[in-house]
Structures are given as C-alpha cells and as structure tokens.
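S.K.: We have chain A already, so just place chain B on it with the hints.
Same order as they appear, the protein sequences are chains A and B. Convert by adding 49 to the 1-based position in the first sequence; the result is the number in our numbering. Convert by adding 124 to the 1-based position in the second sequence; the result is the number in our numbering.
Since the hints were made in silico from the structure, they are not lab data. All values derive from a computational prediction rather than experimental measurement. Don't take every hint at face value.
To be verified - Quick list of the computed label-pair ranges, beta carbon to beta carbon: (1) B/127 - A/134: 34 to 42 Å; (2) A/267 - B/125: 33 to 41 Å; (3) B/322 - A/114: 21 to 29 Å; (4) A/207 - B/222: 33 to 41 Å; (5) A/87 - B/164: 34 to 42 Å; (6) B/150 - A/117: 15 to 23 Å.
Claimed, not checked - Where chain B lies over chain A, by a calculated footprint (3+ residues, C-beta under 8 Å): (7) 122 to 130; (8) 168 to 179.
Note that beta-carbon positions come from the ideal geometry of N, C-alpha and C, so glycine has one too.
Next come the chains, spelled out residue by residue.
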Amino acid sequence: MGLAKRIIPCLDVNAGRVVKGVNFVGLRDAGDPVEIARRYDEQGADEVTFLDITASSDGRGLIIPIIEAVSAQVFIPLTVGGGVREVTDVRRLLNAGADKVSINTSAVQNPRLVADAAERFGSQCIVVAIDAKRANTPSGWEVFTHGGRNGTGLDAIAWAEHCASLGAGELLLTSMDRDGTKEGFDLDLTRAVADAVGVPVIASGGVGGLQHLCDGVLKGHADAVLAASIFHYGEFTVRQAKDFMAAQGIEVRL
Amino acid sequence: MTHIAVVDYGMGNLRSVAKALEHVAPHARVEVTDDPARVRAAQRVVFPGQGAMPDCMRELDQRKLRPAVIEAAREKPFLGLCIGLQMLFDASEEGPAAGLGLLAGQVRHFPAERMFAPDGERLKVPHMGWNQVYRQGEHPLWSGIADGSRFYFVHSYYVEPHDSGVGAATARYGLDFTCAVARDNLFAVQFHPEKSAGAGLALLSNFVHWNP
Chain A
50 MGLAKRIIPC
60 LDVNAGRVVK
70 GVNFVGLRDA
80 GDPVEIARRY
90 DEQGADEVTF
100 LDITASSDGR
110 GLIIPIIEAV
120 SAQVFIPLTV
130 GGGVREVTDV
140 RRLLNAGADK
150 VSINTSAVQN
160 PRLVADAAER
170 FGSQCIVVAI
180 DAKRANTPSG
190 WEVFTHGGRN
200 GTGLDAIAWA
210 EHCASLGAGE
220 LLLTSMDRDG
230 TKEGFDLDLT
240 RAVADAVGVP
250 VIASGGVGGL
260 QHLCDGVLKG
270 HADAVLAASI
280 FHYGEFTVRQ
290 AKDFMAAQGI
300 EVRL
Chain B
125 MTHIAVVDYG
135 MGNLRSVAKA
145 LEHVAPHARV
155 EVTDDPARVR
165 AAQRVVFPGQ
175 GAMPDCMREL
185 DQRKLRPAVI
195 EAAREKPFLG
205 LCIGLQMLFD
215 ASEEGPAAGL
225 GLLAGQVRHF
235 PAERMFAPDG
245 ERLKVPHMGW
255 NQVYRQGEHP
265 LWSGIADGSR
275 FYFVHSYYVE
285 PHDSGVGAAT
295 ARYGLDFTCA
305 VARDNLFAVQ
315 FHPEKSAGAG
325 LALLSNFVHW
335 NP
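This is chain A alone, in the form it adopts within the complex:
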C-alpha cells in the first residue's frame, strides 16, 4: 500500500461567501465556508480548494478571514486560488492558513512569479492552475486564461513542463472543453500532462459521476481529482466517491 489518490472538493467564493448551492442535510447556512469545509472534512475529503471568483478588487480581500477561520477549525490541507498576482498575495494567503496557493493567469503573464514564489516559500505550496482547451498547437491543447476567455498561444503540455521546471509543486489541470459539461475529464489531456511532468497533477473539469473520478486516475493518470457540483448539490458524498474508487482498486484514504 502507498500514497492514496486524493479527492478534492472545490468551492467558489465570491466576496466572502461560498456560491453555487451547497446542499448538505441540515446545513444552516449554505454560504458559510467554515461549515461547508467542516462537512467535507467529515466526509473524508483529502483537501479542500477555495477559488476566489470575486470580480471586484475591493471584495477580494474577503477570502483572507475565510481562510483564517477555516484553517483554525478544519485540519486538512487547504488550497486557495484566484486573483493571485504577486508574491505578497501568496504570502498573505499562506499567512492566513492556506497550505498551497494556486496561480493561474498571472503565471502566464509573469512566469517569474512562479519561480519567485517557489523560491521564497517552497515548491510544496505553489500550484499552477492550467486551463486548457483543444486547439491547433503541437500537443493539441492550448492554454487559456481569464477563466477560459483568452487564448495564449501556449501549448498546454509545453507550458505544464515549463511550470514544473519553474518550481511549481503541483499542477491543477482544467479542461475548458469539459468544464461544466458533466461528461467527464478530458482523459487524453489529463494523461498527456500527467505523463509529461514529474510533479503531481490534479484533474479538473467535467465530472458528472463517480466513474469519471475513477477514469481520471486509471485512464488519465491523475494523482488527484477535483470536483465541485457532484458534491455541492448532494448527489454524492466524498465518502461514496471513495468507496466507489476503492471498489475499482484505487487506493484512497477511507
């Protein structure tokens, strides 16, 4: 037995509140990040990811007290992403209690940020989030930024390799073709990236059922799988997902 494949629920946070319905039985406040994170912890989530989708800059600092509150009461790893532009943003989030900070658009605009942050805080806490879409690049996938709106011309596999060489300790790979479709991960993309880099890869985008999680690991070679809606809307618990994966021979923390 060895390292378990991780299941990571992802929560979108807008101006200090969790958005997208989180449908737990008896949840007093569907927007309360602390209570939601605690529920996922109780279900056996291996980590929780918070994505700050706040559009306005004045609301963005509101993620900080959330991370402080969650990290004081939920003792599993926390990853925070969204709007990270400078090394000082990384520092603020780590000081608030984040274990890992995810950098997306700014990594493309300023790859030096990834190197600087990894150098200063260690690769173990720097995640680069890559949003990829099928396109006419050498690998067949292109990197997009700004939530999938802007093409960059970068080849997704080459960019993933570059991020790892800059010092990213992990890659969060989202298929923009699959995100929101519930058709499952883009397994070809996941496998191409996971096999290309020596750092762990989290598969994201498209999960609609438990078999998709298994496929991400078994066919996509992902080290971890991230999902939002199947957990938020109460379709499945993390525990059910783990039991399902274990039944297919995937090593999970039960």
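M.R.: Below, chain B without anything else, positioned relative to chain A:
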C-alpha cells in the same frame, strides 16, 4: 497551565500548527515565538519547518535560536515536524548547511531511479498526499492511532538515520523511509499532523499529554 512554544524562525506559516495544538489542548498556552527565552521557559516545544533545510538553518541562527532548540530537544517534550525533523540530523543533500546534529544521519532526496510503485507506475516528487505510516515499536505518541493510519505528507527529502534504533515509523514511497523518529523526550515526524485530520490531532493530543 501548560506552556507550549512553537518555534518561529520566519520560515512559513505556523498558524495551522498553533491552531491544531489549541484545538487538542484548549487549556494550554500555545505561543508562537522567535524568542529563545520563551522557548526555554516553555514546558513543551514544537519545532516545525517549511521550505528548504539550509534556509531554515540560516534563519534559525539569525534569530539565535539554535542553543535554545538544542536544549529543549535534550530536556523536555519536543516534537519536530517536517523540516523540523530533517534539521535534527547532521546534513542534507538539499544544501551545504549542517543540521543540528542531534541525531546521526543524512537527509536525502528521493532517488529518481527508485520512484516507481510496485505496479510500475511512476511516482511523483514531491511526495504529496496521504500515505500510510507503519510504526516500529510502541510509543506513547501512537496511542489510540491504528498502525497503518494515513497522514498528510509534502516533501522531497527524507531522513536516513545511522542508528536504526531511533526509527519510530516508516512509510513507503518507492522505498521504505523513516518518517518518524523517537529518542527519550524527543519525537519528530516527516508528515504534518496539523493537516492530518483525526489521526494527526490524536498524535498532537498524545504529545500534549506525554510525560517522557
């Protein structure tokens, strides 16, 4: 009231460590401190670490914390975490700075040629996630924790003690490596109990109540 010092030498966030200790020991005074006098005054000392070991050693010395940490490691309940385990050893492949030399041995990088699972799958470095911890003998800090429980790891280097008698647990990642050591009043782990949910909190609780 028990006074627990969490040694802060400027490398990373110690908030989670302190909060987890407060969670298991609500009546203790948990103090994150970079003051050698406060480390000396504490009844129990937690010695965390993040980042690269040579940087940690440099920052520790800049704050003149080395003598107080060595003293604590010899005299009172002492818990090293992650790089705080690695720093107890003589030297690391991560850089030229010597460690504290409290335990004989080296800190090594996971060797690329061994990074394969039994089924041939390539193993990633850093070793990141929940792995099983197998104890070597009994110890009060394992009390109530099932052997083979999973703890959260994030690291690329592991300790290789010269004296196998200090090993308290191993984990398997391409190779079997020592992930916990124990000697007298000292206990140190490579994983992060403060991020290891129930099993981690149990270990921290055991530490708070440990009277070696």
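S.K.: For each hint, tell me whether it holds in the structure or not.
M.R.: Hints and how they fare:
{"no.": "1", "hint": "B/127 - A/134: 34 to 42 Å", "result": "holds (40 Å)"}
{"no.": "2", "hint": "A/267 - B/125: 33 to 41 Å", "result": "violated (52 Å)"}
{"no.": "3", "hint": "B/322 - A/114: 21 to 29 Å", "result": "holds (26 Å)"}
{"no.": "4", "hint": "A/207 - B/222: 33 to 41 Å", "result": "holds (40 Å)"}
{"no.": "5", "hint": "A/87 - B/164: 34 to 42 Å", "result": "holds (37 Å)"}
{"no.": "6", "hint": "B/150 - A/117: 15 to 23 Å", "result": "holds (18 Å)"}
{"no.": "7", "hint": "122 to 130", "result": "holds (count 4)"}
{"no.": "8", "hint": "168 to 179", "result": "holds (count 5)"}
Violated hint: 2 only; the structure is consistent with all others.
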